[in-house]
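Enquirer: Modelling step: build the complete structure from the supplied sequences, incorporating the hints.
So you can see what is in the structure, the chains are spelled out below.
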Amino acid sequence: MSTESADPGLALHHITVRFGGLLALDDVSLRVPPGRVVGIIGPNGAGKTTLFNVICGFVTPQSGALTLDGRPFRPRPHQLSGRGITRTLQGVGQFNGMTVLENVQVGARRRDDDAWAALERCEVAEHAHRRPGELPYAKRKRVELARALAARPRILMLDEPAGGLDTDEIRWLADLIRDTESTVLLVEHHMELVMSVCDEILVLDFGKPIALGTPGEIRSNDRVAEAYLGTAA
Amino acid sequence: MTVIGDRVARATRTAAPRRSRLSPFIVVVVGAVIVVALTYTLPPFRTYQLATVGAYLCVTAGLTVLTGLNGQLSLGHGALMATGAYTLALWQNKFNLLLPGILVAILVTTAVGAVIGLAAARLRGPYLAGLTLAVAVVVPSITSTFDETFNSDQGLSVILNPPPDSMTVEQWQAWVCWGGALITVLALALLTRGRFGRDMRAVRDDETAARLAGISVARTQVTAFVISAACAGLAGALFAIIAQSVSPGAFPLTLSLFLLMAIVIGGLGRLTGALLGAVLLVALPAVAHEIGVAAGSQRLEGNLALTFFGVVLVVVMLAAPGGLASLRLPTRRKRVEPPP
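Taken in order, these protein sequences are the chains called Z and C. Reminder that position 207 of the first sequence reads as 207 in this note's numbering, one-by-one numbering, no gaps. Reminder that position 157 of the second sequence reads as 157 in this note's numbering, one-by-one numbering, no gaps.
A few of these clues could be false.
[Claimed, not checked] Derived contacts from chain C toward chain Z, CB cut-off under 10 Å, selection only:
(1) K94
(2) R198
(3) R201
(4) T208
Read the hints as simulated data drawn from the structure, not as lab findings. Here a beta-carbon is modelled for each residue, glycine too, at the ideal position from N, C-alpha and C.
Expert: Now the structure itself:
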């Protein structure tokens, strides 16, 4: 008997979220097959982070469902890591009272070797015994990324990872996303990064999905240009 | 990874300031030797004060882990101490078996701490402080409500077997109290060095990031509160042994405030700070007493200790924001270079 699921990966089915009178997500559906890099873009307030919060269990949708490998999935934030899903936060969500190594060990849980491997992969191993607060912003972002990678996730959720980074750092980040074996969900405003690493892109506007396609299809979509990218995109 | 990357990583691991698992054991053994030596050299009253420092150390160590490492502010640990003290008194007066009595006192206080901890895990900042403050006020007043059991404001005397002939009462009290304190410190040192310690600090620093890293914030907070309550229960039981009586007047609201100030002055989140705080809890009221007597005012004495604590808190926070335990003698740091 095959152990493979008929519908591998993460899928969102008709997700709707309201905050009082505000419709934050309006009937959003998305499939994230294993190994793919899926971008979620849109103007500020489009619902990108809310969508991440639904996947992480911080927000419960009013309607719709999630499935993981074809099975109903009711996420709870502290169980995500155990299910193979990790996420970085906008800015840097770090434990400033701990060393860089301890920050990453928290993500790695029981496996110290995974913590070191993640630190080395993110090229911050030399700072292992310093506090994150002593490091430049870009290095702190790498530490957070290392913590997410240390859990060896099957799905890696990156919430604006390029925010505040310079060109070289963004190039490094793009290489890391391309090289990772994890499925990647990427919320990002840096269009060059999104277009260069994503296999598929979902565009949200006022909580509503307005386009879904490859970077080439999204670039040439008039609705997306009007709502978000502008004519120069 | 590159060759250079390999070298840097290897050097970094080598240069890691590794903390030995053995060191808390060594500290505890050395501490025990010092305490035993002091009990044979100090006069009886100082030995009694030494015992009191040991009893205080149990509660300050637990509280500094809760507040300093887990970020939960408790103003109710005096009440938890009262729970432990009354439990031991009731047990001793019925069964007169000290060691099981201490264990029962810890268990009962742990259960009370679990109930408070469950509520505390849902509260933050001033709301948590408010809840624990209510506990500090309510628990001692229970003794007045159920005065047939607790004998109201007069409290209960504690039946204890006499100490062995080879030692004085004060020596025996110091040994018992420091036995409890050193076991507490050892257990907390081992606990906070491992994964649970990391989880507590992660929850303190960023709850959202901690959740996403797979930590159950509520479970971590409740566990921290329960551990801290167990320490307070032990401290209460030891106080009952030292005083050979328990009464609500021994566990006023100011005791909880003193405990909190002591761990902040000593150094929040550090067991060394908890020890320094415990010493201050005994030393400052004694100094206040001396000054009160010298000034010829018994009324002054009651408030002077609190004033002293306030002044010391301000001075220490200005001079050493990390508390007394953060003070270090200036030393030259040894540079660790990666191998060629």
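Enquirer: Run every hint past the structure and note whether it holds.
Expert: Verification of the hints:
At about 44 Å, the closest approach between the beta carbon of K94/C and any beta carbon in chain Z exceeds 10 Å, and the interface hint on this residue is violated. Using the Cβ-Cβ criterion of 10 Å, the hint placing R198/C at the interface with chain Z is satisfied: the shortest such distance is roughly 6 Å. A distance limit of 10 Å between C-beta atoms decides the matter here; for R201/C the minimum to chain Z is near 5 Å, and the interface restraint holds. The beta carbon of T208/C comes within 6 Å of a beta carbon in chain Z, closer than 10 Å, and the hint placing it at the interface holds.
Going through the hint list in order, the structure does not satisfy hint 1, though it satisfies all others.
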